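Novice: With the hints as constraints, model all of the structure from the sequences given.
So the chains spell out like this:
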Amino acid sequence: MPCRVEGDGTVPISAVNTLEDAGAGDISFLANPKYEKLLAETRASAVVVRDDVHLPRPMNALRTRDPYAAITILIVEIHGYRQHPRWGLDARANIAPTARLGREANVGPGACIDEDVVIGDRVTIYPGCYVARGCRLGDDVVLYPNVVLYDGTVLGDRVVIHAGTIIGEDGLGYAPVDGKWLKIPQIGRVVIADDVEIGSNCTIDRATLGQTVIGAGTKFSNLIAIGHGTKIGEDCMFVAQVGLAGSVTVGRHVTMAGQAGVVGHITIGDNVTVGAKAGVTNHVAPGLTVLGAPAVPMAQCKRQVLLVQQLPQLKRQLRKLQEEVEALRRLVGLAQDAARRSGGHGSPESP
Amino acid sequence: MPCRVEGDGTVPISAVNTLEDAGAGDISFLANPKYEKLLAETRASAVVVRDDVHLPRPMNALRTRDPYAAITILIVEIHGYRQHPRWGLDARANIAPTARLGREANVGPGACIDEDVVIGDRVTIYPGCYVARGCRLGDDVVLYPNVVLYDGTVLGDRVVIHAGTIIGEDGLGYAPVDGKWLKIPQIGRVVIADDVEIGSNCTIDRATLGQTVIGAGTKFSNLIAIGHGTKIGEDCMFVAQVGLAGSVTVGRHVTMAGQAGVVGHITIGDNVTVGAKAGVTNHVAPGLTVLGAPAVPMAQCKRQVLLVQQLPQLKRQLRKLQEEVEALRRLVGLAQDAARRSGGHGSPESP
Amino acid sequence: MPCRVEGDGTVPISAVNTLEDAGAGDISFLANPKYEKLLAETRASAVVVRDDVHLPRPMNALRTRDPYAAITILIVEIHGYRQHPRWGLDARANIAPTARLGREANVGPGACIDEDVVIGDRVTIYPGCYVARGCRLGDDVVLYPNVVLYDGTVLGDRVVIHAGTIIGEDGLGYAPVDGKWLKIPQIGRVVIADDVEIGSNCTIDRATLGQTVIGAGTKFSNLIAIGHGTKIGEDCMFVAQVGLAGSVTVGRHVTMAGQAGVVGHITIGDNVTVGAKAGVTNHVAPGLTVLGAPAVPMAQCKRQVLLVQQLPQLKRQLRKLQEEVEALRRLVGLAQDAARRSGGHGSPESP
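Residue numbers (our numbering), protein chains in the order written: chain F, 112 to 462; chain Y, 112 to 462; chain E, 112 to 462.
Treat the hints as calculated values from the structure; they're not laboratory data.
Note that this is a predicted model, so its numbers are computed, not measured.
Heads up, a few of these hints could be off.
To be verified - Derived pair list, reagent style DMTMM-like, types lysine to aspartate or glutamate, alpha-carbon separation capped at 20 angstroms: (1) Lys291(F) x Glu435(Y); (2) Lys431(F) x Glu437(Y); (3) Lys426(E) x Asp163(F); (4) Lys431(E) x Glu434(F); (5) Lys294(Y) x Asp250(E); (6) Lys291(Y) x Asp177(E); (7) Lys426(Y) x Glu435(E); (8) Lys294(F) x Glu437(Y); (9) Lys426(E) x Glu435(Y); (10) Lys148(F) x Asp163(F); (11) Lys426(F) x Glu434(Y); (12) Lys431(E) x Glu435(F); (13) Lys294(Y) x Glu434(E); (14) Lys291(Y) x Glu345(E); (15) Lys431(F) x Glu434(E); (16) Lys291(E) x Asp251(F).
As the list claims (entries may be wrong) - Distance windows between CB atoms, simulated: (17) Ser125(Y) x Glu215(F): 35 to 41 angstroms; (18) Pro423(E) x Asp119(Y): 53 to 59 angstroms; (19) Asp227(Y) x Ala207(E): 32 to 38 angstroms; (20) Pro423(E) x His195(Y): 53 to 59 angstroms; (21) Glu437(Y) x Arg430(E): 47 to 53 angstroms; (22) Arg233(F) x Lys148(Y): 43 to 49 angstroms; (23) Arg430(E) x Pro397(Y): 32 to 38 angstroms; (24) Ser125(Y) x Thr366(E): 38 to 44 angstroms; (25) Leu149(Y) x Asp162(F): 51 to 57 angstroms; (26) His195(Y) x Glu215(F): 27 to 33 angstroms.
Claimed, not checked - To spell it out: a stretch of chain E is covered by chain Y in this simulated footprint if at least three of its residues, at any positions, have a beta carbon under 8 angstroms from a beta carbon of chain Y; those stretches are: (27) 156-164; (28) 442-452.
Where a beta carbon is used, it is the ideal one built from N, C-alpha and C, also for glycine.
Specialist: Here you go:
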């Protein structure tokens with residue numbers, strides 16, 4: 112990534128920090144122009160900024176086209192990713208005799224791995240995790256504390272699941288029988304492809320039949336609910352508290368903003384963006400941005416919101432118009448009366 | 112259930128599967144006409160369909176009035192319900208001396224059962240569960256991994272709680288004192304009746320005083336929050352991410368769709384349906400379907416949504432009408448002028 | 112607190128209960144006038160009521176200006192706060208050699224405390240909790256079962272975290288690289304000040320850089336999601352299922368009602384109230400109450416909701432007006448025709 116140094120390129124840097132919290136030895140950055148005024152106040156030893164940003168005072172700066180990407184590289188270089196504790200196969204872990212683990216397994220105390228589980232190499236499973244019968248985990252998987260995988264769940268390579276997330280629980284599958292709910296055995300499973308990262312306290316239902324699928328490279332935040340049999344494409348990004356009902360099909364590279372919801376049995380195309388709190392009730396064509404509940408294309412939603420905010424004005428205009436029409440009618444009535452009085456012919460009432 | 116066989120009634124069947132995923136030896140079904148085109152492509156050995164469905168090619172079919180109920184029966188017959196691991200009383204479980212367990216108890220490693228707990232027969236408690244002091248569990252209860260029951264929680268027979276759900280935590284009970292929040296001890300409890308099934312990562316507050324109640328046969332999906340002192344009737348169905356505030360009373364056989372919310376201290380009648388994302392702010396009479404936020408009866412909500420979508424059109428019509436009235440006014444003004452010029456009598460300005 | 116006794120001031124009281132559930136020996140209360148009719152039916156031995164409440168029959172009553180505060184004091188006096196089990200340092204807890212615990216530590220079986228953790232005096236950590244490397248916990252902290260603190264989390268004195276809550280997980284921090292998401296190491300942390308209580312199954316993201324902060328005395332209900340780098344002030348009250356995106360700044364004494372959501376990078380002033388299900392998309396000035404999605408000041412939102420509910424009427428009025436204008440136009444046209452026929456001069460078409 113091409114960068115240009117401004118000021119002292121030899122200043123020692125040992126950490127990346129925010130403009131607000133940075134001190135001596137820290138490098139910080141400005142990506143969002145909203146925070147430009149913090150540049151004047153920061154005590155960072157250096158800053159990463161765009162080529163065209165005006166520095167309010169002489170500073171040590173790295174200038175680049177994409178400060179966000181640059182700071183990402185710096186964080187990776189200087190700080191790196193989280194190092195996990197090294198338990199090996201902790202003696203207090205509960206591993207079934209028929210479970211098979213790959214090389215360099217790292218399983219914490221109290222973690223449970225049930226019968227017929229097959230696990231790849233270099234996998235880390237924190238304490239409190241439960242991996243039920245017949246699960247398959249790829250290489251380099253990380254399960255943070257208290258993750259639960261129900262029976263038959265499949266995770267690809269490099270899948271990371273944050274603490275408290277449950278995968279493969281039964282979905283809401285009941286048949287109505289005489290006013291009671293008869294449970295339908297949920298015999299499908301969940302399949303999560305390579306490089307997926309799931310946040311904390313999410314719930315992903317197993318399919319009633321077949322599979323619930325999360326595509327490769329997709330990233331979830333926290334408290335997300337995915338219904339049974341839903342299939343999500345690759346490289347999607349779901350923000351916290353999103354909920355998808357069952358049997359939804361989501362394309363590739365779809366963004367779902369916070370608290371958005373999707374009803375069952377619909378299809379969301381590739382590269383769709385669903386706005387925060389949107390309620391999607393119909394198929395969404397590829398590339399669209401939809402907002403609102405029920406969700407509509409962005410331009411339409413913004414117009415609707417604006418018009419709803421203008422409703423008091425609209426109502427006033429209507430009332431004014433009613434008065435004007437009433438006044439006109441009186442005027443016309445008087446004019447007719449006058450015409451009738453003046454001539455007597457051509458009255459509209461008797462044409 | 113009366114069924115009619117079409118094609119080869121002796122084809123061997125070993126599993127139930129979706130139309131998409133089925134192969135040789137699988138039976139599948141069509142209940143939702145939306146998926147009718149999949150009939151032509153399925154590789155299932157047989158399908159369950161309604162009497163009136165047209166098969167696109169010769170297939171082995173079971174024809175019945177209710178394919179969904181039929182496939183439920185087939186799943187139960189062929190696959191059955193989940194079999195739990197058999198731990199008996201695992202030596203690594205932590206069971207207080209004063210806890211009493213019924214026959215055939217099945218308690219996994221690391222599960223904790225505190226003082227004065229009483230548990231029925233044939234109960235399964237997975238690893239990571241915590242059953243606090245004084246809880247009462249009926250027969251055939253299942254607690255999946257990492258379920259937490261706070262002190263004094265009561266579960267009826269055949270209650271099933273999925274992984275990560277918390278029952279009986281303190282509700283948001285604080286008294287304001289000089290701008291600070293003084294905690295009110297939450298001394299009530301949660302009582303869950305027979306045959307309730309609760310999904311994963313739900314939270315059900317204990318009552319401040321008295322009881323929070325979930326009625327017999329009610330089913331919850333995941334990530335549902337129930338406030339303190341709320342009482343829910345029998346045979347309800349709550350979809351994921353529903354939230355009820357405290358002191359709500361919900362009748363029997365109420366359906367709450369995904370992400371719906373209910374404010375505190377109101378009553379929802381029997382057989383009510385609350386739509387997805389609805390925000391219920393007032394009592395709802397029995398049998399109603401309500402939608403929207405604030406929630407209103409369905410027909411009214413649909414009309415509102417339609418009218419909001421028509422607002423641009425409404426605004427255009429209003430503007431056009433304003434122009435027409437303006438034109439009319441000019442016309443009338445000219446007519447008056449003409450009349451005045453032609454006669455001079457009967458002018459509206461001087462009646 | 113000044114109180115006045117009515118009836119028998121010597122009746123023995125052993126518990127506080129609701130008007131509905133109370134029996135002999137119980138004291139109950141009426142704070143919400145909604146429940147006044149229950150006074151006639153209660154079997155409580157005494158009731159706490161406001162000075163001006165009319166008792167439907169002779170009852171033993173404590174009259175006071177603030178029955179809610181009075182009953183809080185009575186609950187504390189008679190029932191007190193929850194007593195935790197006494198594990199001491201349970202032999203089955205997993206405590207790293209470099210972890211330092213204060214006096215009277217109370218750590219349950221299976222709890223894990225990792226390297227370099229520092230914990231204050233009289234702390235209770237229930238089974239299934241995981242306290243990762245480098246966390247700092249103040250005095251009198253309580254972690255209910257299955258709470259997870261990621262590395263570096265800081266909790267002040269008297270912080271209480273309910274079961275299943277996760278603090279310090281990675282936020283949704285990825286940089287887009289060629290259509291894929293590159294994970295940005297999340298190297299910040301979460302800092303929770305004194306006297307905070309957090310409900311069950313919440314998720315509080317660590318900051319990407321710097322800190323996510325929850326201010327002293329703030330109380331959360333359940334299933335709340337807080338994004339990375341968000342800073343919340345003192346003495347706030349958040350109801351269940353609230354979601355805040357990242358880099359939000361929230362002032363002091365802010366109330367967020369159930370299922371409310373806030374987009375990233377905005378500021379919410381002191382003493383703001385955000386209504387249930389509101390979607391806040393812009394800065395909110397101190398003291399405001401906002402409702403709706405997008406959220407607007409309460410009076411504006413209520414007017415909008417009312418006007419949307421009046422839309423059918425508005426549409427009818429518009430249609431009626433269109434008809435009236437059409438009728439007027441015909442009338443004017445006829446009048447003109449008549450004028451033209453009667454005189455031929457002064458036609459508006461040829462002025």
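Novice: Of the numbered hints stated earlier in the document, which are not met by this structure?
Specialist: 1, 3, 8, 13, 21, 24 and 27
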